[in-house]
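Whenever a hint applies, use it, and build me the whole structure from the sequences.
Letter by letter, the chains look like this.
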Amino acid sequence: MTRLAHLWDQSRCIACGACIAACNASNYGSSTAPNVSWNWLRTNIRRIELSNGPRPMLYLLQCQHCENPPCVTVCPTGASYKDRDGLVKMNYDLCIGCRYCMVACPYDARWFNESMWTPVKCMGEECQARIAKGEQPVCVAVCPAGARDFGDLDDPGSSISRRLANSRYVKLLDNMGTKPKYFVVVGP
Amino acid sequence: MELQRREFLKLVGTAAVVSSAFGVVHVASASQQVAASPSGERVVPVMCGACGAGCGLLFIERGGKRYILPNLEHPQPGMCGRPASALQMWSHPLRLKKPLKKVGDKFIEVDWDTALNEIAAKLKEVVERYGPESVVITRHDVHSWFLPLFQYLIGTPNLIGHEGTCHSASTAARAAVLGAGGPPIVDPDYENVSYLVLVGRNLDAAMGLVRQLAAARERGVKIVVVDPRAPNIAFGSVEWVPIIPGTDAAFLMAMAYVIINEGLYDADFVKRYTNAPMLVKPDGTPLGGKEVGVEGDYVAWDAADNAPAPLDKAKDPVLMLSEEARQRVGGARTVWELFVERVRKYPPDVAAKITGVPADTIVRIAREFATARGVIEDGWYAAKNGNEFDTYRLVLILNALVGNIDKRGGLCFQDSAGFPNICDPAGPDIVAVTGVKLPAPKAKRLDKLLYPLNVSTFDAVYEAILTGQPYPVKALFIVGTSPLQRDARYQMAVEALKKLELVVAIDIFPHDHVDYAHYVLPDLMFLEREEVATVRWTLHAALQKSHMALDPPPGVDARHAPWMLMEIVRRAWPDRAKAVGYDERYADPHKFEEWERQFVEAALKKVADRFKVSVDDLKKALEEKGFVVLKKKSYGVRPYKTKLGTPTGRVEIYSITALKNKLDPLPDYREPLYTRPKAPDEFYLINGKDNVVSSHFAFTPNAKYLGDRTVWMNPKDAERLGVKDGDEVELEGIDNGFKARARVRVTNRVREGVLFAYAFLGGRRSSLITGQFAYLREGVNPQWFTTGKIEPVVGSAPTNSTVRVRRL
Numbered sequence: 001m002t003r004l005a006h007l008w009d010q011s012r013c014i015a016c017g018a019c020i021a022a023c024n025a026s027n028y029g030s031s032t033a034p035n036v037s038w039n040w041l042r043t044n045i046r047r048i049e050l051s052n053g054p055r056p057m058l059y060l061l062q063c064q065h066c067e068n069p070p071c072v073t074v075c076p077t078g079a080s081y082k083d084r085d086g087l088v089k090m091n092y093d094l095c096i097g098c099r100y101c102m103v104a105c106p107y108d109a110r111w112f113n114e115s116m117w118t119p120v121k122c123m124g125e126e127c128q129a130r131i132a133k134g135e136q137p138v139c140v141a142v143c144p145a146g147a148r149d150f151g152d153l154d155d156p157g158s159s160i161s162r163r164l165a166n167s168r169y170v171k172l173l174d175n176m177g178t179k180p181k182y183f184v185v186v187g188p
Numbered sequence: 001m002e003l004q005r006r007e008f009l010k011l012v013g014t015a016a017v018v019s020s021a022f023g024v025v026h027v028a029s030a031s032q033q034v035a036a037s038p039s040g041e042r043v044v045p046v047m048c049g050a051c052g053a054g055c056g057l058l059f060i061e062r063g064g065k066r067y068i069l070p071n072l073e074h075p076q077p078g079m080c081g082r083p084a085s086a087l088q089m090w091s092h093p094l095r096l097k098k099p100l101k102k103v104g105d106k107f108i109e110v111d112w113d114t115a116l117n118e119i120a121a122k123l124k125e126v127v128e129r130y131g132p133e134s135v136v137i138t139r140h141d142v143h144s145w146f147l148p149l150f151q152y153l154i155g156t157p158n159l160i161g162h163e164g165t166c167h168s169a170s171t172a173a174r175a176a177v178l179g180a181g182g183p184p185i186v187d188p189d190y191e192n193v194s195y196l197v198l199v200g201r202n203l204d205a206a207m208g209l210v211r212q213l214a215a216a217r218e219r220g221v222k223i224v225v226v227d228p229r230a231p232n233i234a235f236g237s238v239e240w241v242p243i244i245p246g247t248d249a250a251f252l253m254a255m256a257y258v259i260i261n262e263g264l265y266d267a268d269f270v271k272r273y274t275n276a277p278m279l280v281k282p283d284g285t286p287l288g289g290k291e292v293g294v295e296g297d298y299v300a301w302d303a304a305d306n307a308p309a310p311l312d313k314a315k316d317p318v319l320m321l322s323e324e325a326r327q328r329v330g331g332a333r334t335v336w337e338l339f340v341e342r343v344r345k346y347p348p349d350v351a352a353k354i355t356g357v358p359a360d361t362i363v364r365i366a367r368e369f370a371t372a373r374g375v376i377e378d379g380w381y382a383a384k385n386g387n388e389f390d391t392y393r394l395v396l397i398l399n400a401l402v403g404n405i406d407k408r409g410g411l412c413f414q415d416s417a418g419f420p421n422i423c424d425p426a427g428p429d430i431v432a433v434t435g436v437k438l439p440a441p442k443a444k445r446l447d448k449l450l451y452p453l454n455v456s457t458f459d460a461v462y463e464a465i466l467t468g469q470p471y472p473v474k475a476l477f478i479v480g481t482s483p484l485q486r487d488a489r490y491q492m493a494v495e496a497l498k499k500l501e502l503v504v505a506i507d508i509f510p511h512d513h514v515d516y517a518h519y520v521l522p523d524l525m526f527l528e529r530e531e532v533a534t535v536r537w538t539l540h541a542a543l544q545k546s547h548m549a550l551d552p553p554p555g556v557d558a559r560h561a562p563w564m565l566m567e568i569v570r571r572a573w574p575d576r577a578k579a580v581g582y583d584e585r586y587a588d589p590h591k592f593e594e595w596e597r598q599f600v601e602a603a604l605k606k607v608a609d610r611f612k613v614s615v616d617d618l619k620k621a622l623e624e625k626g627f628v629v630l631k632k633k634s635y636g637v638r639p640y641k642t643k644l645g646t647p648t649g650r651v652e653i654y655s656i657t658a659l660k661n662k663l664d665p666l667p668d669y670r671e672p673l674y675t676r677p678k679a680p681d682e683f684y685l686i687n688g689k690d691n692v693v694s695s696h697f698a699f700t701p702n703a704k705y706l707g708d709r710t711v712w713m714n715p716k717d718a719e720r721l722g723v724k725d726g727d728e729v730e731l732e733g734i735d736n737g738f739k740a741r742a743r744v745r746v747t748n749r750v751r752e753g754v755l756f757a758y759a760f761l762g763g764r765r766s767s768l769i770t771g772q773f774a775y776l777r778e779g780v781n782p783q784w785f786t787t788g789k790i791e792p793v794v795g796s797a798p799t800n801s802t803v804r805v806r807r808l
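Chains as they are written, first to last, in my numbering: chain A, 1 to 188; chain B, 1 to 808.
What you were told as hints is all true, and nothing was included just to trick you.
With a straight-line Cα cutoff of 27 Å, these simulated BS3-like cross-link-like pairs (lysine-lysine) come out:
{"id": "1", "chain 1": "B", "residue 1": "Lys632", "chain 2": "B", "residue 2": "Lys620"}
{"id": "2", "chain 1": "B", "residue 1": "Lys442", "chain 2": "B", "residue 2": "Lys124"}
{"id": "3", "chain 1": "B", "residue 1": "Lys633", "chain 2": "B", "residue 2": "Lys407"}
{"id": "4", "chain 1": "A", "residue 1": "Lys82", "chain 2": "B", "residue 2": "Lys65"}
{"id": "5", "chain 1": "B", "residue 1": "Lys605", "chain 2": "B", "residue 2": "Lys591"}
{"id": "6", "chain 1": "A", "residue 1": "Lys133", "chain 2": "B", "residue 2": "Lys65"}
{"id": "7", "chain 1": "B", "residue 1": "Lys578", "chain 2": "B", "residue 2": "Lys606"}
{"id": "8", "chain 1": "B", "residue 1": "Lys724", "chain 2": "B", "residue 2": "Lys704"}
{"id": "9", "chain 1": "A", "residue 1": "Lys89", "chain 2": "B", "residue 2": "Lys65"}
{"id": "10", "chain 1": "B", "residue 1": "Lys222", "chain 2": "A", "residue 2": "Lys171"}
{"id": "11", "chain 1": "B", "residue 1": "Lys789", "chain 2": "B", "residue 2": "Lys444"}
{"id": "12", "chain 1": "B", "residue 1": "Lys605", "chain 2": "B", "residue 2": "Lys620"}
Interface residues of chain B toward chain A, partial, derived using beta-carbon atoms under 10 Å:
{"id": "13", "residue": "Ile68"}
{"id": "14", "residue": "Ser85"}
{"id": "15", "residue": "Gln88"}
{"id": "16", "residue": "Ala214"}
{"id": "17", "residue": "Glu218"}
{"id": "18", "residue": "Ala234"}
{"id": "19", "residue": "Asn702"}
Keep in mind the hints are simulated off the structure, nothing from the lab. For each residue, glycine too, the CB sits at the ideal point set by N, CA and C.
Shown next, in the form of structure tokens:
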């Protein structure tokens, strides 16, 4: 089995925006049209700040590539599906733009792309092409802080597996039964 | 240290075609036309031009997709949100597209010939009427290598950059204490650092440093960020110390207090490599050798002989004199005694009252820093309060107190690549890198007359324009920089710009100053031009070449700024242009490269000679990989084997340069150059950048979301004033009465009593900003509220201020 997953290290992230903007450049042609769903740029990564707690906290939110993805469950056409590599993907030819998946996602990780008239999410087209070539997704490739990783959880020798073995991490809304595969490392 | 040829080839690589780990053929060349590989993929090495750091990038084009990746083989690889948005800059609707000429109060498009002929004629008239020194050129980083040639062809001394509101003070401090130059010349060895303190520095650039720090994080480095607002880096695992603005020097003084008081300093280093043992007479001047019958200009007390000795020859120099010894040297005191006396003014509890940082925090950080033999970063973009010369002298002195200079994991000197300037003063002449001599300007640079230890103080130019003193200024070339976002005398600047006879703005975007230009000339962005430069922000000696990745998009008739400037010179003074081999053949911008390359090749020849390698090997590496490492960093050279460039050749705790310039030779905590807040509705208004902000990046739609145009306020202050997130407030400058409105963002990222706004982002005012980009007008430009007062001698203009907040 292959279970591809993302890792984001909150303790190392410097919030430089490289991953967010590079996703826009590579997957959305540097589009300057707004992302109305998120009131954000056209990218698959959102930046969420917690500005009222005891110290500033940042969270980068994107598709969790759940092992039990609600977006796939609710999709009436099979456009949303879980691939054999463990990633949750979209077949745009089947999508009718009903947006059930957007409502079902507890992470609000999908946004509606008016140009395509479909919901979109991580992975974008270019990142999937890169993975097919054995390259890292763009957000991982650009990160200057070593705050991102991507790879196969079922391969104990993969960089992500080794990092997870040596880190404290959390998964978001794990109690909802979604079995998310976006690991938030909070420290060594 | 000379590299053997074989070692050199190992460093630069010799393969004509570089294969990536994924079997994709990377062929990079100067021209995109020949760079396509059979797979239709292009990988072009470029140097980032989004800020002055010049990080190594790769432009990628595959299957119709274009984006930027970091060049991981480069000694200083990128990247941050700015270059990631570079394609939005490239095709931006507001890009300057055609030469513009001001007619009445409107711009009209004109062709290149018209613009260049008219500028040349006016420039010639100004030079003939008022002298060449009446022409001023200002710049940031872009084209900074080329501009001195233009300057000396005109004959003006006045090429005056942005540093007065950037690193003028920290660079003056590096010169005074370490005899060193600009910010990248001295830097922490991030990769090996054990404990890092950032004071007024947030590593928003260079990203190669962040990569090195990531390696140090693997080994558990501790990072302390001393800043009134939490910069982006403070989201990660760092200790953020929210200090009261402008009080860093008091914090550092108290650190020195703890380190000295608890004996945590490296006494051997202090004695051997700083001027701490130097004897100073009661009048404050150094005791000369002649006065006590020994050699040399500087004297120490040598315990080995119980007698005065030349500073560098004392076998056992003492830090504290016995009373008997003091009598024998006319009541002189050691620098160490004077420094300790100064430091005693700032015990942690006193510093706590000034800085708002608890005394136990100061004590703990001082102990941790000293026992870990840590590093305090030496400052870059730091002109904030007008007391930074003291702050950064203290930073450098603290690094010396723990003996961590030029050591692995310490504060290190960069190994120089020796890439020469395009022209330099040599005796009575100016000599270009090609050997051509040009006449030296007769007048003195006008800001240097006022601020002799500065790098640049452009704010002084506005005053000169308005007063005609020390001499008239009538023409201004603004090249790739935004003075009205940058400088601390906004209102004076606007008046001054209106008074000039010729203002030429060369840029890619309509910054505020463009409205006051008589001519606006559209420049190429960094993906559209080539450039050879030193790799900054690495300790290794290295060069890089940025390759042309793209032509300007359709409809953008942009040209290379050096071409425009040489065309202006040729049209005004054909003989001067001819003197540097420039004639009408190069009026064709495509031929210009041929002419420009002779300078680059002459510079490369000098580098090749220095490192005993062939120019062809150098060029080959630059063509194929985009960079070449000439020499790896050697630790332990300065001040151990080579003396420093200070008067004593040592780390100068007591600065003789400062003394000669009538400044306090010892650092101290001094009040900022603006009125502090006193009433409950008065706040410090501080400003800064992050990895998502630069003057140009501000225009990209990405920056609308990644940056913000609000004014940040602490939740406790917001509650006290009844202000909610998103509310609009009026800000009024306490010192200048300027009023403007902004929306408030309530956030714990800023200390109580302090407001923060991004510099260069909000309050854009150019009339060329229209339509969907009207949001660029939102928020404030922090320079609207500044006093315009300038730090004496070092010429640093504070960009922080105090404002009154009124709910609307």
